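K.L.:
Residue numbers (the working numbering), protein chains in the order written: chain A, 1 to 175; chain B, 176 to 492.
What the hints contain is simulated information worked out from the structure, not anything from laboratory work.
Keep in mind the model is a prediction, meaning the values are calculated, not measured.
Beta carbons are placed, not taken as given, at the ideal position from N, Cα and C, and that holds for glycine.
One thing to keep in mind: the hints can contain errors.
Here's a subset of chain A near chain B, in silico, CB distances under 10 Å, partners left out [unchecked claim]: (1) Met1; (2) Thr3; (3) Leu74; (4) Pro77; (5) Arg106.
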Amino acid sequence: MATVLDAGEIGRALKRIAHEIIEHNRGLDNVVLLGIPTRGAFLGERIAQFLGEIQSPVPVGTLDITLHRDDLRLRPPRPLLPTLIPSGGIEGKDVVLVDDVLFSGRTIRAALDALGEIGRPRTVQLAVLVDRGHRELPIRADYVGKNIPTAATESVKVRLSEIDGEDSVEIMAGA
Amino acid sequence: MKKHLLSINDLSASDALEILNTASELAKISDGPMKKLPTLRGRTVVNLFFEDSTRTRISFESAAKRLSADVINFSAKGSSVSKGESLKDTAQTLQAMGADAVVIRHGASGAAQRLADSGWISASVINAGDGTHEHPTQALLDAYTIRSKFPEFRESFAGLKVGIVGDILHSRVARSNVLLLTKLGAHVTLIAPPTLIPVGVTDWKVDVSYDLDSVINKVDVLMVLRVQSERMADSFFPSEREYSRGYGLDLARLNSLKSKAIVMHPGPMNRGLEISAESADSHQSVVLAQVSNGVLVRMAVLYQLLGGAALAGEVSA
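Model the full structure from these sequences, guided by the hints.
P.N.:
Structure (C-alpha cells):
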C-alpha cells in the first residue's frame, strides 16, 4: 500500500482543474458540473467551490449512472444514488462530468448515456482526480488531477473527508 | 433480497426501506424527460393474470416497459386456460418462452408460492395478489404513499397510527399492509364488523375495533377497503346500506378525521358503499397518488429482482 496523493496534493490538483476549466471554456457562463456519486459528487462540489472563489459560482449537480451500467447482470443489484440536475438543466450547456478514478471508461460511457436521456449539452467534458490507465473504451479525460500508472491487478483507493474522514489516494496491491 | 416476492414476510424492514428508497430515486428520474431507462433491456416479464385487474396489471406493465423489459400480457380469459390448461402447463409454456419474471395474480391463496416452489420455472415470481392471502406490492406502494405524505416517518413508522376499515377477512391488501406497516413500526387498528374480522387476528400485532366512529379521529392514515362482493358467498352483514351506515366513509366521518390525516383506498372503489364520492374526491384522499406511486414501487421491485445477477450460492426462497 502506497499513498500517492495526500490531502494537500488533492486540494492543489482540484484547484488546478478549476483553473483549467475556466481557461478551456473561456469563462464559466455556460458551465455545469455534474459529479458521479459517490465520491465524484463530493469532488464536483469541491471544484465548484474553487470556481466560485476564483471567478463565479456555477450550477453543480449529481448524475447517478447505476441504471445505465453495462455490468448490471454481472453483480447483485446495487442501491440507486441521487441524481440532481441543476434547475437550469443541461440543454446547450458545457457539462463537466466529475469522477474520482478513470479506469476502464465504462462508468463514463454509462454517464454519457444517462446524460443523453436528460438533454443535449453543447459539449461534455470529463474531470477526474486520478487516471490509472487500462481503458477498455475510447474515452479520455479533459482534466486530470494525477496520472498514476498502475498494474491491472492493483486497486486505487480514494478517500475523501466528507465520507471517509480524510483525504488521500492510495494504491493497494492486488488480491 | 430473495429471488421471489411472494409475501411481505420475504422482506426484512431494511429490504422494504431499500425498495422504497429506490422508488424515491426513480421518482426523481421520472419527473424529468428521462422516462425510459435501459436497465432491463432484453429481459422478459410475463403478466400472468387469472383474475381481473385494471391498475395492478397496467402498473406492472408500465413499470416493466419504463425499464425497457419486454412485456407479455396473459389473461386467463381468451387463453388456453379457458380450454382447461393447468397452471403447470401454462407455467412450463412461459418457461419455454424464456420469461425472466412472472407476475402472477390468481384467485387461489398460495398460487404464487406454488409457482415459485414447484420447480416448473426458473423465473422470479412476483405475487400480484393471490386469493385472500397477500398482495405485497400494494402494501409497498401504500407505505411509499404514506411516507411521501408524512416525511417525518421516512425511516420508521414508529408513532404513526393507521386504521384499516372494511372487509379484513377477504382482503389480501389488508394482510400485506398489516405485515408491512407493523414491520416498519406503525400502530395498526383494524375496524370491521365482527363477521369480517379473520379468526387468527389475535396473532397479529394489531388492535381491533368494531366501531369506526370511536377510532376515526385518532388515526393519521385511514385505509378503506373494497367490499369484495365476488368473495361474499355468505352474508356477512345484513345489507349494503347497513354496512355503509356503520363502516362507510361518508362526509360526516371525513370531517371528523384529523385535518392532516389521509384517506387511502386500493381501488376499485364502490362509491356510495364503503366510501362516498365526497370522500373519494376530497383533498385528503390520496387514491390517485397511490396509482402513480404503484408504477415507481413496481419498477423498484423489478429492479431489485432482475436488475443484477443472482448472488452466488443463493438459495431460492
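K.L.:
Confirm or reject each hint.
P.N.:
Quick rundown of the hints versus the structure:
no. : hint   : verdict
1   : Met1   : violated (28 Å)
2   : Thr3   : violated (33 Å)
3   : Leu74  : holds (6 Å)
4   : Pro77  : holds (4 Å)
5   : Arg106 : violated (14 Å)
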